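**Student:** For reference, the chains in residue letters:
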Amino acid sequence: MTRLHIDWTACDGRGLCAELLPELLAEDDWGYPMARDGSPSPTVPPALEPNAQRAVDRCPALALHLTREAERPSAPTR
Amino acid sequence: MTSVAEAPTVQRRLLAQTGHGPLPTLDASQVVGLARDAGLTGRGGSGFPLWRKLNAVLVSGRPPTIIANGAEGEPASGKDKALLTYQPHLVLDGLQLIARAARASTAYLYVAQPAAFRAVLGSRRDPIPVTLVTAPDAFVAGEESAVAAAVAGRGAVPADKRFRLPDTGTLVQNVETLAHLALIARYGAGWFRTAGTYDEPGTFLATIGGAVAAPGVVEAGYGVPLGDLITAAGGPTAPLAAVLVGGYHGAWVPADPALPISREALSPYGATPGAGVVTALPLGACGLAETARIAGYLADQSAGQCGPCVNGLPRLATTLADLAAFRARPTLPAEVTRLTHLVTGRGACRHPDGTARLIASAMRAFSADVTAHLNGHCLATHTP
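In order, the protein sequences belong to chains A and B. Per our numbering, residue 1 is the first one in the first sequence, and the count goes up by one each step. Per our numbering, residue 79 is the first one in the second sequence, and the count goes up by one each step.
Hint data in this document are derived by calculation from the structure and do not stem from the laboratory. Computed from a prediction, not measured in an experiment: that's the story for all the values here. We put the CB at the ideal spot given by N, CA and C, even for glycine. Hints should not be assumed to be uniformly reliable.
Partial pick of chain B residues on the chain A-facing surface, computed with a CB cut under 7 Å [said to hold, decoys possible]:
| id | residue |
| --- | --- |
| 1 | 383 |
| 2 | 384 |
| 3 | 385 |
| 4 | 389 |
Non-contacting residues of chain B with respect to chain A, defined by C-beta distances greater than 10 Å in every case (computed) [to be verified]:
| id | residue |
| --- | --- |
| 5 | 94 |
| 6 | 101 |
| 7 | 103 |
| 8 | 154 |
| 9 | 197 |
| 10 | 203 |
| 11 | 209 |
| 12 | 238 |
| 13 | 305 |
| 14 | 316 |
| 15 | 332 |
| 16 | 345 |
| 17 | 403 |
| 18 | 419 |
| 19 | 452 |
| 20 | 455 |
Covered by chain B, per the in silico footprint, the following chain A stretches (three or more residues, Cβ under 8 Å) [unchecked claim]:
| id | stretch |
| --- | --- |
| 21 | 11 to 20 |
| 22 | 29 to 39 |
The task is simple: from the sequences and hints, build the whole structure.
**Tutor:** Written out as structure tokens, the structure is:
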């Protein structure tokens with residue numbers, strides 16, 4: 001499952017991502033990206049992955065990352 | 079399910095005035111196994127199992143960095159300071175146990191006043207040298223990634239969480255957690271579990287403050303009734319209106335003496351024991367005004383890195399201050415709800431989440447006074 005991760009320490013609210021990825025992101029009161037589903041790191045459906053990659057590539061603050069989950073067991077037992 | 083095998087009550091383990099004998103040498107799998115069997119969880123607020131974090135560090139394949147976190151940036155908390163003052167050796171024992179198990183070359187003690195520990199460190203024959211690092215006096219300076227940044231020589235501010243810290247070889251443990259581990263290594267996991275509840279074993283240090291006769295640090299098993307903690311702190315100085323549990327990132331709960339202080343019993347109030355801070359609000363004090371004061375402090379304590387926190391926390395604080403000071407409009411409660419959702423989950427650390435949780439709990443716990451304030455008066459203080 002691919003998710004869009006926002007590095008809030010880097011994001012300065014230019015708003016490009018919300019324009020490139022309006023299906024997933026809106027802007028909050030101050031212009032920072034806000035996931036439409038209300039989650040901190042929204043899931044990216046496969047059909048939107050190219051658009052999400054474009055948003056990642058064009059973010060002027062390099063604040064966006066696509067992360068893929070379930071690649072690593074989270075807690076080995078011993 | 080909580081099984082109450084024995085009535086949990088106030089007791090002394092970390093704070094007992096007894097010698098504990100030599101520290102056994104344990105390998106990594108023994109430390110992980112003991113911590114897991116004991117059910118030892120982090121006492122810094124998150125309550126995360128120590129063994130899981132330690133195991134992640136061990137399998138990360140990265141050079142281990144082991145840090146004892148005594149920053150205690152929370153103004154209402156004094157338990158780490160008390161522990162480091164009265165039982166520094168237990169903390170340092172726990173740090174050595176983990177540093178040795180992880181084969182670290184250095185261990186770190188992160189505290190506000192490092193100079194005070196030079197003599198204690200000099201009196202020990204620790205196999206792993208301990209480096210002292212100064213914790214700045216800031217609320218978020220004790221956050222795990224801020225601690226790691228400070229030890230790495232950068233500013234003590236939270237970092238992005240794309241990678242989990244233990245996966246990078248860095249283990250940050252609260253000093254109280256390490257002190258518990260030092261006792262578990264000597265007396266065993268079964269002994270540890272004879273305090274607390276089945277699901278939440280062991281004792282914890284609580285800092286009791288507010289309207290109590292003898293504010294201070296008390297040790298008790300998880301599940302201890304709220305009333306026992308208040309009694310241990312000299313009893314209430316006035317009838318109580320509510321109690322803030324979990325500190326400035328905590329939640330307001332009813333002043334019910336029978337309420338067990340455990341994750342399970344507090345969850346209906348959106349509260350957790352957190353780092354053990356319990357602050358009593360007397361009848362006649364306005365919970366909304368007190369929460370607005372704390373919210374203003376928390377807004378000031380933003381590290382200034384993340385937009386939703388930088389902008390949202392001051393907005394939340396002023397909205398709550400307006401409510402407290404009767405500068406109210408009918409849409410205000412809905413605006414508070416909207417803002418708490420707006421900041422939650424949208425930062426490098428949980429500072430916005432914790433602030434939102436506190437404010438949301440105040441709106442619930444003092445709901446009658448919210449209505450009264452909207453109509454221009456206060457039920458608690460009978461003003462204006």
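**Student:** If a hint holds in the structure, say so; if it doesn't, say that too.
**Tutor:** Quick rundown of the hints versus the structure:
1. 383: Hint holds; residue 383(B) Cβ to chain A Cβ min 4 Å, cut 7 Å.
2. 384: OK, holds: residue 384(B) within 7 Å of chain A, min 4 Å.
3. 385: Result: holds, 4 Å to nearest chain A Cβ.
4. 389: OK, holds: residue 389(B) within 7 Å of chain A, min 4 Å.
5. 94: holds (32 Å)
6. 101: holds (23 Å)
7. 103: holds (20 Å)
8. 154: Holds, because the least Cβ-Cβ distance between residue 154(B) and chain A comes to about 26 Å, which exceeds 10 Å.
9. 197: The claim stands: residue 197(B) keeps its Cβ more than 10 Å from every Cβ of chain A (closest is about 38 Å).
10. 203: holds (31 Å)
11. 209: holds (26 Å)
12. 238: The claim is violated: residue 238(B) sits with its nearest Cβ about 4 Å from chain A, within 10 Å.
13. 305: holds (37 Å)
14. 316: Holds, since 41 Å exceeds 10 Å.
15. 332: holds (30 Å)
16. 345: With a cut-off of 10 Å, residue 345(B) remains clear of chain A, as the shortest Cβ separation is near 21 Å.
17. 403: holds (23 Å)
18. 419: Its Cβ does come within 10 Å of chain A, the nearest being 7 Å, so this is violated.
19. 452: Residue 452(B) is indeed farther than 10 Å from all Cβ atoms of chain A, at 23 Å.
20. 455: Holds, since 31 Å exceeds 10 Å.
21. 11 to 20: holds (count 3)
22. 29 to 39: Contact hint for the stretch 29 to 39 of chain A vs chain B: holds, 7 residues under 8 Å.
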